[in-house]
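Asker: Use the sequences and the hints to build the structure in full.
Chains as they are written, first to last, in the working numbering: chain X, 1337 to 1723; chain P, 1337 to 1723; chain R, 1337 to 1723; chain W, 1337 to 1723.
Possibly wrong hints are sitting among the right ones.
Copies of the same chain look alike in the list, so a pair counts if it works inside one copy or between any two.
[Unchecked claim] Listed below are the simulated DSBU-like cross-link pairs for lysine-lysine, each with C-alpha atoms no more than 35 Å apart in a straight line: (1) 1585 - 1680; (2) 1582 - 1608; (3) 1605 - 1526; (4) 1605 - 1392; (5) 1680 - 1540; (6) 1669 - 1441; (7) 1631 - 1669; (8) 1540 - 1346.
Everything labelled a hint here was simulated from the structure, so no lab data went into it.
4 protein chains.
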Amino acid sequence: MNNDLLHQYKRIRLQSERICSPLGNEDYVVQPIVDVSPPKWHLGHTTWFFETFILKPFASDYREFDNQYNFVFNSYYETVGARVIRTDRGNLSRPSVSEVFRYRKYIDEQMEHFLSNTSIDEPLRGTIILGLHHEQQHQELLYTDIKYILGHNPLFPAYSVDHEFTKPATNNETPKVIPIPAGIYEIGFKGDGFCFDNECGCHKVYLDDYTITSTLASNREYLDFIHDGGYRDFRYWHAEGWDWVKTNKVNAPLYWHFIDGAWMYYTFKGLKHIDLNEPVCHVSFYEASAFASWKGKRLPTEAEWEIASPNFDWGQRWEWTGSAYLPYPGFKKAAGAIGEYNGKFMVNQMVLRGASVATPDGHSRNTYRNFFHAPHQWQFTGIRLAE
Amino acid sequence: MNNDLLHQYKRIRLQSERICSPLGNEDYVVQPIVDVSPPKWHLGHTTWFFETFILKPFASDYREFDNQYNFVFNSYYETVGARVIRTDRGNLSRPSVSEVFRYRKYIDEQMEHFLSNTSIDEPLRGTIILGLHHEQQHQELLYTDIKYILGHNPLFPAYSVDHEFTKPATNNETPKVIPIPAGIYEIGFKGDGFCFDNECGCHKVYLDDYTITSTLASNREYLDFIHDGGYRDFRYWHAEGWDWVKTNKVNAPLYWHFIDGAWMYYTFKGLKHIDLNEPVCHVSFYEASAFASWKGKRLPTEAEWEIASPNFDWGQRWEWTGSAYLPYPGFKKAAGAIGEYNGKFMVNQMVLRGASVATPDGHSRNTYRNFFHAPHQWQFTGIRLAE
Amino acid sequence: MNNDLLHQYKRIRLQSERICSPLGNEDYVVQPIVDVSPPKWHLGHTTWFFETFILKPFASDYREFDNQYNFVFNSYYETVGARVIRTDRGNLSRPSVSEVFRYRKYIDEQMEHFLSNTSIDEPLRGTIILGLHHEQQHQELLYTDIKYILGHNPLFPAYSVDHEFTKPATNNETPKVIPIPAGIYEIGFKGDGFCFDNECGCHKVYLDDYTITSTLASNREYLDFIHDGGYRDFRYWHAEGWDWVKTNKVNAPLYWHFIDGAWMYYTFKGLKHIDLNEPVCHVSFYEASAFASWKGKRLPTEAEWEIASPNFDWGQRWEWTGSAYLPYPGFKKAAGAIGEYNGKFMVNQMVLRGASVATPDGHSRNTYRNFFHAPHQWQFTGIRLAE
Amino acid sequence: MNNDLLHQYKRIRLQSERICSPLGNEDYVVQPIVDVSPPKWHLGHTTWFFETFILKPFASDYREFDNQYNFVFNSYYETVGARVIRTDRGNLSRPSVSEVFRYRKYIDEQMEHFLSNTSIDEPLRGTIILGLHHEQQHQELLYTDIKYILGHNPLFPAYSVDHEFTKPATNNETPKVIPIPAGIYEIGFKGDGFCFDNECGCHKVYLDDYTITSTLASNREYLDFIHDGGYRDFRYWHAEGWDWVKTNKVNAPLYWHFIDGAWMYYTFKGLKHIDLNEPVCHVSFYEASAFASWKGKRLPTEAEWEIASPNFDWGQRWEWTGSAYLPYPGFKKAAGAIGEYNGKFMVNQMVLRGASVATPDGHSRNTYRNFFHAPHQWQFTGIRLAE
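Answerer: Structure (structure tokens):
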């Protein structure tokens, strides 16, 4: 039964462990900033999803792996016994890495048994598929968080000296400006496959005439912005962005280091010279917006991006848009815990569109709505301009 | 010359001082939270606007009132001589209230002389008009900030025991649900009069079918929300809103106090019992949104509000919308300091539409885009629902 | 009856108001940092002491002035009605300055009536005397807090352009080094007059041979320390002191400003050039200790200071000692609220000995134990060296 | 050559690794609070001491292990290349645990070679001995930090289910009150062996008559304090202690948990019921002082403790004294980096005397001056009373 689903389950679950394979045990544990979770937490949390939403409610003979894992791998784990213990994910040396892998193995065996022997109805199938997409989201976070952990170590250790993403980041296309005529368009997900709830419902929007660039802003252009005093002129910045620049003494994208007269960049292979032809990466919304302002242009809205997207290559960088993350017309939260997935985050964040070199294969759609806070730099973020 | 402008100038400038007339000297000085400025700062800052943008550049014979007032009444005043002095507006006992009034008198005489004797071209006229609208914005802030200062004093002093706003707050209308058909609409300012830069340009939007209520949510309905556990059930709240509720132990709108078994409300006349028929006031975006969610409805977008607005009475409360504060298509910042007026705040704030009982006469338009951060309660904010 | 006490009461109470006489109304209100209280709070709080500890419990016919003043003028005023209002002293525009003066007048009349018509036993007399010394402590705080309020205003307003303290600050004495032989000495208060509880009990200490300087460190010497890189060399500083220097970018005593190539100093007369012969003032314990370390010397202990004090003039500056503020042998807290006066502060503070130009006449003793936290600069503090 | 020293070196260095032997790799990495360092940091830092102060300056043929370890294992490691990277010890996944052990092995071989082949003069010998005592201090910190790391994990993992300290903690002695007569006494280190610079110089003190208890306060007595409302009555507490109780909602010593109606205590063996006869452990200075105040007694001064110490057993708990950590008369910092060892911490900390069950054998003296900040609970601290 469910051969396709089983195959898909195995493939995706394995991929999470593959991403971690170059890590040392210690790399799984630390949490240098609140946004960056320890890799072992990602491995446990995605597993907990299947245990909590599939096995416990639906597998009749299921025996819980460890009844304390719920508050370790849930998002909010504040209480134990009769006393509150405040802790952070990065303070937890236990469960150990090998225990987390045992947990994965146990859940995978149970899931495979369940998938092979159970008749699965549509809603349940939907939840399993959601769990797999959830796992894929955490695969991208594994990349970004591992990069942060190693890239903020003063020894700058490589993740893997010969690491390459499947999708190349460098861009050899000749830049073009793509014009889109005004009119009523439809955006949002429609069709049969999987989408997150925030991509629904498909709805009409009116767009004015606009143009959008066929390529992402390159490191070369971004260096021009730096050299032209972009980080020193408040006129390009939102007021909050300017505060952010001054408070954090920001003068370049994340992972850029000016060493011995040259701009270096921490990559999964270690410190390298900046590649001028590569699309700029690891910029915040504030930086993307200031760069656009310096260029005399602007960021596209998410509707503009989606409508124009068939006309350009995308998938190298998550592209900051000028749209705030808000519900689409007709958006409804699902009932129960699954309903907390997206809706409650729809305030004070900006939408990013596209995908990045770190996005798992098969996890991209041009209706996908990613979202982060304006100051965040640690994702593989980039800039496309509109006018 | 410029008789109309002169008349308008005198009327508006006088109104700021009228608002302050019930205050004691000490009330002009304090700044209980960063968002609330001391009344004397408002009086000085609006005056500084005319000195800086009209008199200094355009009145040939103008002699500056005091060369140190620039960093006292500008938004950012950090440096003096060769040493930085960090201070906050609420730490400045000088200039004294009477000195600020002398400053106003001096500038008013100079402005009246200037307006009476100078030929004023269109751009300059525009800047003067902007200064007057700026003063009117600060008139509403004078009301909200005075309310905060007195309403957070443990003695709960009245502003004036017989104070009444011109516009009554209570609502006797029978509630209706207004349906609006789907279609392309135009929003944004068009016409001849004054508008702020953020209301331009007028542009097309596509709206789906929606309904909007003809009345604001009342204290009665809001009490139902409280009694039904609205502040204790996370499902109604954005994740950030829920954090805000817990961190600040919020359990009611600002100025509500549960005393001896009854809900009291601080008003300009002192502490009063809640009037159940009045539209709820002093709620944050988080509260407005949670209330809407509890009702099974939502907040209107700003476009929906604007298109429907001819069909209902508005002007009692600034109405939170579900729209983030972002630039309209084609929005351009003005050059120079005036260009900082609005654009740089277009991130992480929500739009409010309408006007309130504290909004000066002649300062309302249904294209007006007010904006505050999601947790802010100290403005005269209220709730209208859509579906 | 009680003529002496009555006379003393009137004289001391009047002096608090005299100190405030040059102030504008607005100067009474602000609280620029948590340590600096608004002058009107000092005036109310010292009055509240007499109302709370004398009139309410002992004056049979006493009618409370205002039953809400208890939480306004007590040290901890957090609750009103059924709801907690968090506020700070500097956010309270009411009671107004004139109301506080009416409060003082009312209490003074009641106290004078009480003193004139009541037979007062020894314990009660002790509490009244304590109230007067308490008022004198706040007189010095009025000076230091007014200096902070005006001296941190970017306009640098003078308190009074011809202000002089009774005691001159400048020192014309030839410096000497005073040797004190080892032996058992007695320190602490003994005798008949008033002392605070922390000066008891008188007890024996053993001191080794030591020397102490007859004069305070001058601005000239302190400038040498600055020019010699004193604020840039961590070796002179406690670890916490060095953190304090770096975090706060401290490079001179409080109120020093380097303007147009010269060191200026804010005084009650306004900004003046540094007087090189004056004893340095407004230094923290960290600075006093680093200066001593740079000189190859140390600060005296409080016992060394007290034993040597008959051999030198003191009273210009509160002199930082190397002693932590701890209970003397045999120290007992008094019962009741008065017992909170001193004992509960005996941790993490340093002892200062002597008195300053701002200390009221008749309020000095060589057994007096003043105490502040190590980073505090806003008192009239200075440095005497030992070896 | 130097056989004794070599033997001692090997024995002490081995002991640090023995303490860590029950740990999993992940336990070496985390830093749950700033005071608690990751075990691998302790292992590296103590090794760095020998590399930096012995091998680099004195071993002519020495080749540095890794030139980046200096900023990893020094106390302050802020810079790399041309850019500052801010990080905390607990964010460093590299060097890995096995690399740190390789570092230890390398340094140990080099040190053993050095000690076996070099003639060592007195000052150098002193530095080596200091390094060994430094290592022993970190051995106690390894115990306290490991306890914190495991004891704050919601799984409450045991360090080792059959762990016992050499010194038993339980006390079977009948309590006595020991009287000490007034007089001049001598305190501070004298003699030939090792001592830290803060124990010098030996000096006279005068002590009044006092008594001191022969036993430490027990869990039974401390529970009486809790049951009698000790944590709810401000009168027992310093003002700062009371703030600490309220802010942190403290209601018991560290590691105490009230679970299902019983007080449990996290130990190296896991969660256990409180042993009423054991001396109370993991209390702050604030708690020790409040407990003493509730008993109508006080903490001894460090001089009283030292003089009385031959009359009672000590070594189970570090005993809070009523003395602030200040220099002894005649104290001089050593020149160079070694001079930073103790002196710069002599402000705002309290002295603890004795030793604890976690103190290494041979590392105790009755002149030893340990010191921590008043709120610290994570050391093996206890309470002895005086009067």
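Asker: Can you give the numbers of the hints that this structure goes against, from lowest to highest?
Answerer: Violated: hints 3 and 8.
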